[in-house]
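Engineer: The number in the numbering used here is simply the position in the sequence shown, starting from 1, with 254 added.
Since no wrong hints were added, every one of them can be taken at face value.
DSS-like mimics (lysine-lysine), calculated; alpha carbons at most 27 Å apart, straight line:
(1) 329 x 318
(2) 401 x 329
(3) 326 x 266
Computed spacing ranges between beta-carbons, pair by pair:
(4) 303 x 426: 36 to 44 Å
(5) 371 x 392: 14 to 22 Å
(6) 444 x 270: 53 to 61 Å
(7) 398 x 426: 19 to 27 Å
(8) 437 x 390: 21 to 29 Å
(9) 259 x 410: 25 to 33 Å
(10) 272 x 435: 46 to 54 Å
Since the hints were made in silico from the structure, they are not lab data.
For glycine and all other residues, C-beta sits at the position ideal for the given N, C-alpha and C.
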Amino acid sequence: MEATIVLDTLKKVLQPRHLTEVEEIVFLRCWAGQSYQEMANELGYNADYVKRIGSQLWNLLSEKFGRKISKKNMKLVASLLQPESDKSQENNLVVLQKSDVLDFPSGPVPINSSLYIERPPLEQLACSEILQPGSLLRIEAPQQMGKTSLLLRILEYAQNHGLQTVLLNLQQVDRSILTNLDQFLRWFCYNVSQKLGVFPRLNGYWDQEGGIDIHPMPEGRGF
Numbered sequence: 255m256e257a258t259i260v261l262d263t264l265k266k267v268l269q270p271r272h273l274t275e276v277e278e279i280v281f282l283r284c285w286a287g288q289s290y291q292e293m294a295n296e297l298g299y300n301a302d303y304v305k306r307i308g309s310q311l312w313n314l315l316s317e318k319f320g321r322k323i324s325k326k327n328m329k330l331v332a333s334l335l336q337p338e339s340d341k342s343q344e345n346n347l348v349v350l351q352k353s354d355v356l357d358f359p360s361g362p363v364p365i366n367s368s369l370y371i372e373r374p375p376l377e378q379l380a381c382s383e384i385l386q387p388g389s390l391l392r393i394e395a396p397q398q399m400g401k402t403s404l405l406l407r408i409l410e411y412a413q414n415h416g417l418q419t420v421l422l423n424l425q426q427v428d429r430s431i432l433t434n435l436d437q438f439l440r441w442f443c444y445n446v447s448q449k450l451g452v453f454p455r456l457n458g459y460w461d462q463e464g465g466i467d468i469h470p471m472p473e474g475r476g477f
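Hey, can you work out the whole structure from these sequences and the hints?
Structural biologist: Pasting the structure below:
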């Protein structure tokens with residue numbers, strides 16, 4: 255079972271006790287194999303705080319299922335929830351019949367998607383930082399943890415605050431360009447100009463020996 259499906263079923267089983275947002279994040283990150291320290295570094299929390307939240311969560315699950323649940327064996331919850339999951343599928347049969355496609359994310363989730371899980375204070379920190387001139391953000395996480403979804407929200411925030419944004423995917427750049435600094439910088443300037451809708455004037459402002467010739471350019475003329 256997918257982690258999000260297990261979590262949704264688990265929340266129904268635990269009612270009226272509601273999992274906090276941090277507990278849900280810890281559950282999903284542990285399912286993905288992250289350590290408490292990795293979670294703390296990524297989320298901006300103290301490692302001891304994250305570990306304490308995890309310990310409280312495992313104790314809660316142990317009491318609920320009458321089995322010792324810990325970070326190491328937490329995927330046991332999936333098999334313990336299987337009867338509840340089957341029951342939930344029966345209850346939702348009519349809904350499933352009305353929809354041929356389930357809205358389950360296989361990539362970046364849309365801006366207005368209810369499936370996006372916020373990770374405070376990451377969003378707030380990233381959005382405030384992106385408004386600073388010359389700022390640089392590095393988003394690092396395992397696969398399928400929502401990096402691109404977070405990036406899309408940062409870009410939307412910047413656009414809503416009057417900034418022009420350019421989205422470049424370096425995975426689409428030819429390897430020969432990435433191994434040559436001069437070619438890469440020219441590629442970068444050209445593509446940024448294209449995305450911003452300005453005419454690229456690389457040949458007029460490029461010093462083949464030292465890169466870009468640093469002197470004022472006419473406003474709106476591009477690189």
